[in-house]
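Protein chains in written order, with the numbering used here: chain A, 1 to 307; chain B, 1001 to 1611.
Treat the hints as calculated values from the structure; they're not laboratory data. Where a beta carbon is used, it is the ideal one built from N, C-alpha and C, also for glycine. It is possible that some hints are incorrect.
Across the chosen pairs, the derived CB separations fall in these ranges [claimed, not checked]:
id, chain 1, residue 1, chain 2, residue 2, range
1, B, ALA1299, A, ARG85, 52 to 60 Å
2, B, SER1042, A, GLU200, 16 to 24 Å
3, B, HIS1151, A, GLU200, 13 to 21 Å
Given next are the chains, with one letter for each unit.
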Amino acid sequence: MTAYIVRRVLVAVPTLVILIFACFFLMQVAPGGPFTSERPLPPQVLANIEARYGLDQPLWKQMWDYLVGIVTRFDFGPSFAYRDRDVNDIIAQGFPVTLTYGLISFAVATFAGMGIGVAAAVRHNTWLDYIAVGATFSAQALPNFVMAPILVIVFTWQLGWLPGGGWNGGQWQYLVMPVIALSTSYVASITRITRSSMLETLNSDFIRTARAKGLPEHRVIWRHAMKPAMLPVVSYLGPTFVAMITGSVVIDVYFSTGGIGRAYVDSALNRDYAVMLGVTILYGGLTVLFNLLVDVAYAWLDPKIRY
Amino acid sequence: MSVIEVTNLSVSFDTQDGAVEAVKDVSFHIDRGECLGIVGESGAGKSQTFLAAMGLLANNGRTSGSVRFGGRELLGLTPKEANRVRGAELAMIFQDPLTALTPHLTVAQQMAEVLSTHRGTRGADAERICLEWLERVQIAEAKRRLRQYPHELSGGMRQRVMIAMAMLCSPKLLIADEPTTALDATVQAEILDLMARLQAEENTAIALITHDMGVVARMCDRVEVMRLGAFVESGNVEDIFHAPQHDHTKMLLDSMPRLDQAKPQASPEVMSTGAILKVRDLKVNFPIKLDRGLFGRAAILRAVDGVSFDLAPGETLGIVGESGGGKSTLARAVLRLLPETHGSVTWLGKELTMLEGKALTKERRNLQIVFQDPLASLNPRMTISASIAEPLRTFQPTLTSRERKIKVAEMMERVGLDQRMINRYPHELSGGQNQRVGIARAMINRPKLVICDEAVSALDVSIQSQIIELLKELQADMGLSMLFISHDLSVVRDISHRIMVLYLGQVVELAGRDALYSAPEHPYTRMLISAAPIPDPRVERTRNRIRIPGELSSPLEPAAALRFLPSRRGQPDYRPRLQEVRPGHWVAEHDTLEAILAARASSGMPRAAVD
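Required output: the full structure, derived from the provided sequences and hints.
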């Protein structure tokens, strides 16, 4: 197991390096740079600025320096748009916010989805099951950018119960709507996956054996059916977590929560490619990390999986 | 005194097409310590009868009638009340030991929870009882098995675990639903012995559900014959076998192939002596990753390990052996369906192993295969006529669609498929019908060689004998050669001219069919023949069995290849040579049975001889 994790981490390194190179290259290909504006700068000024950020160097040298900076100093370079801040500062400011509501949304999606899914499967073809199926069917059609304005209209404009935006140190009133907006469609997806997987498991031979042994039904479900039924759900959790973090692009814009998504959108508008690159690599690293966690969870759920 | 008394039991299922009656008004009883056999073909309602008694029917199941067990009515119990009975006084084991155990719990965990639920015994006490029972079911290295997961055990071991688990609370009745159907013949023989012994020692009554008249002949005191949800005949085992009254019973007995009596050979004798297929020293190796760890150690699994044989035009060569013996791999290697093989396969003078691309495709017209699972081997999105016509499109592209239709219609008629079925899909057909489609597809270009890879193993005996008759007729019509692969020695006897026995990828015996059964030479062949049950209680209960304890060894184990030649154990790379003991009768080098048993006992092999 340990060896497997080590091997997976070793494989992740080249993945990330390729990601860095690919992103760097794509940024260069995109037309325009951070200092192109409608009124062209005098050539001397432009040359000075470019020299300061190292943009006059050949491309391979820029790329190499960038990579060396990340590997040796964990330094993603200076921001092009904000004179006295570098990319690390921007990430350090926004990421904790994003991580806070991202993790909460992830937990809500996972536990609510699994809970409703298992309940619906166990009470198959009862009113509970029908309601769960109906509700998830509609909820799946509500991605975060649809949920966010609806929530604001209802809870802020109409009812006036919740603040329409801001962060305020992460007080709960400010967290409710971002979390609901982010998690709704994922609660629905996880419910559906859990329900169908649980139904399939409950029909399998070993559940029949467990019942033939005279075990009480709660024991059949929790001890015998739960782990096998979780396998497909767990494989969906990796992408779900990544979606929670990248969903911050929408949430930060709607609710002004000040997470990393805001910086991401701004950097694109400002052609601040240092920030864009930094955030993209951060997202990439998280994706790799979560897929690894999912594979580890798989091994725990299913002893047949060997590495 | 009867343990269970079933009166007028009916089971029906509510479906979208209305209620389906699975069990119709059956009544029976089982006495203490008695073994009742319930035989019938698939879908006869055998399992549903007992699932109803266990309260394990699907949610849409309805029951009526009465099931009295130990003075209590079982039908209509709440799950809580039923849970006090099942697992304790009433236990059940199932057909497929591969799926019947929970994959993520260890053997000890699964067994111990029976004790904690019914007896309140936990911890070390429970573990001690589990270990005792694992030893009583003669599982090798019982102590180690407690910590293992089901996937780490062989099929036979898992069924032993199931039996031990069912016996933990000493039930009054053990319901065994096709307990040995998924197992190899030698393992089946051991499991049946075990059940018979427990029945005698514990005085447990057994309800044995099976389709196999041979198993009934060996185990049962009384028999109920079931057809379409109803009992059509009941009686003691002697009467059922020697004086059957109902047509269905007679049909079941007649279609059961018998090891000890060959049916008259229907397929024509082989005329020509030349070989159309020559296989020489064929080897197939699969690399297997053994260790976990950063750099897993790789081992080589020799699935086919130097097989040679000739096949004459119009001849059927039967290939038998247990699972893991390399039968299917051999078939696929001959047809070049595997990428990496060594050795030579000569087809009509051409070296098949050298052919590539178009030249190989051209030869495939004459080289066809019929697979075991008829439903899985047909494309579910193609109508059966499209599946049958596909080889025509490939090999006779000049045919017009009208000509193709005529040929498909002729072929369908030939294999006994109704013309009205042309637009049906595989899932709408029965297993036997689908296998006819598979045969029609293989035969439509009139090939010269057809390989049947366990082609009848998944079918009911009555269908099985029909398919075998069909294959014989087609062979007579077309003069084709066949390789007929099966784990079932009696089926092979009915169809083959010669028979080859494979053990771990090597030929251990090759002989004419009658010679092989009347005078088997190799201990492995003798063991296989003596393990196969004969559907005749008098013969079955009196014959001597050759038992070499232990299950089929893993092909990865270096000593396994020399299991029957322990005197050469010092030379692990030694391969037993084939010797011609009589004209046409080849036997691999082996030691005497006594020497093999002695070597097995002295080398501390898992289990000592039991009986």
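Do the hints match the structure? See the list:
Roughly 58 Å separates the CB atoms of B/ALA1299 and A/ARG85, a value that falls within the hinted 52 to 60 Å. Distance hint check: the CB atoms of B/SER1042 and A/GLU200 are about 23 Å apart, consistent with the given range 16 to 24 Å. At roughly 19 Å, the beta-carbon separation of B/HIS1151 and A/GLU200 lies within the given 13 to 21 Å, and the hint holds.
The structure shown violates none of the earlier numbered hints.
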